[in-house]
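A.B. asks: Chains A and B are the protein sequences, given in the same order.
For the first sequence, our numbering assigns the number 108 to the initial residue and increments by one for each residue that follows.
For the second sequence, our numbering assigns the number 108 to the initial residue and increments by one for each residue that follows.
By construction, these hints were calculated from the structure, which means they are not laboratory data.
Don't be surprised by glycine CBs; every beta carbon is placed ideally from N, CA and C.
It is possible that part of the hints are untrue.
[To be verified] Taking CB as the label site, the calculated pair distances span:
| hint | chain 1 | residue 1 | chain 2 | residue 2 | range |
| --- | --- | --- | --- | --- | --- |
| 1 | A | S173 | B | S319 | 28 to 34 Å |
| 2 | B | P403 | A | I287 | 40 to 46 Å |
| 3 | B | A415 | A | E263 | 40 to 46 Å |
| 4 | B | A139 | A | R310 | 58 to 64 Å |
| 5 | A | L355 | B | A124 | 30 to 36 Å |
| 6 | A | R324 | B | P375 | 19 to 25 Å |
| 7 | B | G181 | A | L355 | 27 to 33 Å |
| 8 | A | D408 | B | L399 | 35 to 41 Å |
| 9 | A | A299 | B | G129 | 39 to 45 Å |
[What the hints assert, rightly or not] Simulated coverage check for chain A against chain B, where a stretch passes if three residues somewhere in it have a Cβ under 8 Å from a Cβ of chain B:
| hint | stretch |
| --- | --- |
| 10 | 171-177 |
| 11 | 390-400 |
There are 2 protein chains.
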Amino acid sequence: MATGESSAARNRQWLLARRPSGMVSEADFELAERPVPEIGPGEVLGRVRWLSFEPAMRGWMDDRESYVAPVELGEPMRAPGLAEVVASNDPAYAPGDVVFGMMSWSEYVSGGWSARTAGRGYRRVPTDVPREMLLGPLGSTGLTAYVGMLDVGRPEPGDTVVVSGAAGATGSVAAQIARIKGCRVVGIAGGAAKCRWLLEEARIDEAIDYKSSDVGRRLRETCPDGVDVYFENVGGSTLEAVLDNLALGARIALCGLISGYNDAEAQPGPRNLFQLIVRRASIQGLLLWDFLDRVPEAFADLRRWVTAGEIAYRVDVQEGFENIPCTFLRLFTGANEGKQLLRL
Amino acid sequence: MATGESSAARNRQWLLARRPSGMVSEADFELAERPVPEIGPGEVLGRVRWLSFEPAMRGWMDDRESYVAPVELGEPMRAPGLAEVVASNDPAYAPGDVVFGMMSWSEYVSGGWSARTAGRGYRRVPTDVPREMLLGPLGSTGLTAYVGMLDVGRPEPGDTVVVSGAAGATGSVAAQIARIKGCRVVGIAGGAAKCRWLLEEARIDEAIDYKSSDVGRRLRETCPDGVDVYFENVGGSTLEAVLDNLALGARIALCGLISGYNDAEAQPGPRNLFQLIVRRASIQGLLLWDFLDRVPEAFADLRRWVTAGEIAYRVDVQEGFENIPCTFLRLFTGANEGKQLLRL
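Sequences are here, hints too, so could you generate the full structure?
C.D. replies: Written out as structure tokens, the structure reads:
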């Protein structure tokens, strides 16, 4: 094996030890050591170099039907990330290649990767792009922001666009794309620092701090003609406030509902869905998977915008395999400042 | 005046006496007598012959922003209906013409009708179509069902289509249009009689009686591959049950949310909006006004289907000006059997 890995080496993993009730905690995970997998014909072995964390991963820990199968108890948690090929029985992958895809909370991943590339599998990534950029604005959150804003939200120049979770990995890219497309952009985020970043670095028009202000009142002030496009990451009372301020024909791109992800009991939805009739508005749920044909163009546009400084981004890079669970938890306490990554 | 009306005649009206808190009651209305209006240049006087009642009218009684201005206290309530022209200073209308449009709970209506025809005004109706058909499946509820099902729901042959309020004026037409278009149709309605009518007369595939069965369980049984199109009239727990049973890419045409119309306090929305992401589904609010260019084709299709017996319909015709308020209330007790009309 080119990089000198030995099959006698150990593969440390963080397993799902129990299904959380309510807020996730470190005790929901358990450390295990297993042998580094032997690879069979057509299979590839990769060493996990980076992991990326998203709030939606919280849902994978629950035993209920969702857009992916839940993680089984006793199996390693999953996370998107980058791996470096260390051994390959597949001519499509050579040692040293770096691939992006769904990893696990492990030091090594293996399998028949070519069989997966058609759908949601591993794709080789360029070596001349910084890793933080690849996993940040050019990663799945950035790509989701791109298709969610442009293909689902469909803003026109001059539209008023509101983004919740606007300082987050997805929301910040969505908000800046709307700005690039000539829209008036209002971001909703928690705390003065995030709002300052939105105004000064992301250069959107207005920032609403939901922790210190009445979101409904601030929406009425900042969107007097109503909200044409709403990029929704949060749900709860924020969604309700925006529904009361829609413009005629408004489009809501429903990307996430993070405010409810740690609830043991599902919380009630908005009381004012009737506003969808009053405003002849729509809500469309979205996942990146349905837009895979758009990824090459999205990747190229985002790379150009980020390189030109038109899209600002922040990554919060933690270090070390042992810190995987506590890094994941940062998403739910708001401790992360930018896209949450971890380098192994 | 051709029909012998005298300007000394009295015009009885039912006024909105107070804004209901919660369930509407007869005491919310008050009888008044006013002179029959004198008409000025370009104006027309019509005698109201038929009124038509819809659950959404309940919302017009509340003093809050909606898709139409609220009825003012002390002003007559509104309702769509038919009037016969009795005097006209507008060459576009002759005595004896029958027009469809937004009437009031009055014996006479007057005004500059030509100015209103462009938008939501009065249109002359054919004399060779039964009045009950004109105000039933060919009226605004039938036309709404047509555009809501075909333009918003967009069912494909073989799709599983669910309709709530399926025995109602709008739902019953929506369900039968889906059947005509080759879909498997499941209707949700309250009570054995309505369900029997759906199966035997409307000839849809399944009927779920929400009063006597677990809607969620029955949806899982009758829609094992999920719901492709949902035509929503009801909201509340019914919406929640359908959201849990959506097929990938499902479309929800949001026509009404009648379950909440009489609530003094707005009720919470569905707890499972996340299913819109899981299923990449959409909710689109709709009003007929946005589809006025579709009305001629819709009217022609519906007339052909009704005449050929492909669309069954029921009208519940009450009689007499004095019975207007109690007739309106029938909508909220489920007493009406079919489209609620009243002949003056």
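A.B. asks: If a hint holds in the structure, say so; if it doesn't, say that too.
C.D. replies: Outcome of the hint check:
1. Our hint of 28 to 34 Å for S173(A) and S319(B) holds, since their Cβ atoms are close to 32 Å apart.
2. Checked against the hint of 40 to 46 Å, the pair P403(B) and I287(A) passes, with Cβ atoms roughly 42 Å apart.
3. Our hint of 40 to 46 Å for A415(B) and E263(A) holds, since their Cβ atoms are close to 43 Å apart.
4. As the Cβ distance of A139(B) to R310(A) is approximately 60 Å, the hint placing it in 58 to 64 Å holds.
5. At roughly 32 Å, the beta-carbon separation of L355(A) and A124(B) lies within the given 30 to 36 Å, and the hint holds.
6. At roughly 22 Å, the beta-carbon separation of R324(A) and P375(B) lies within the given 19 to 25 Å, and the hint holds.
7. The given range of 27 to 33 Å is respected by G181(B) and L355(A), whose C-beta atoms sit roughly 30 Å from each other.
8. With their beta carbons about 38 Å apart, D408(A) and L399(B) fall inside the hinted range of 35 to 41 Å.
9. Checking the proposed 39 to 45 Å range against A299(A) and G129(B) shows it holds: the Cβ atoms sit about 42 Å from each other.
10. Only residues whose beta carbon comes within less than 8 Å of a beta carbon in chain B count, and the stretch 171-177 of chain A has 3; three or more means the coverage holds.
11. Counting residues of the stretch 390-400 of chain A whose CB lies closer than 8 Å to any CB of chain B gives 6, which reaches the minimum of 3, so the coverage claim holds.
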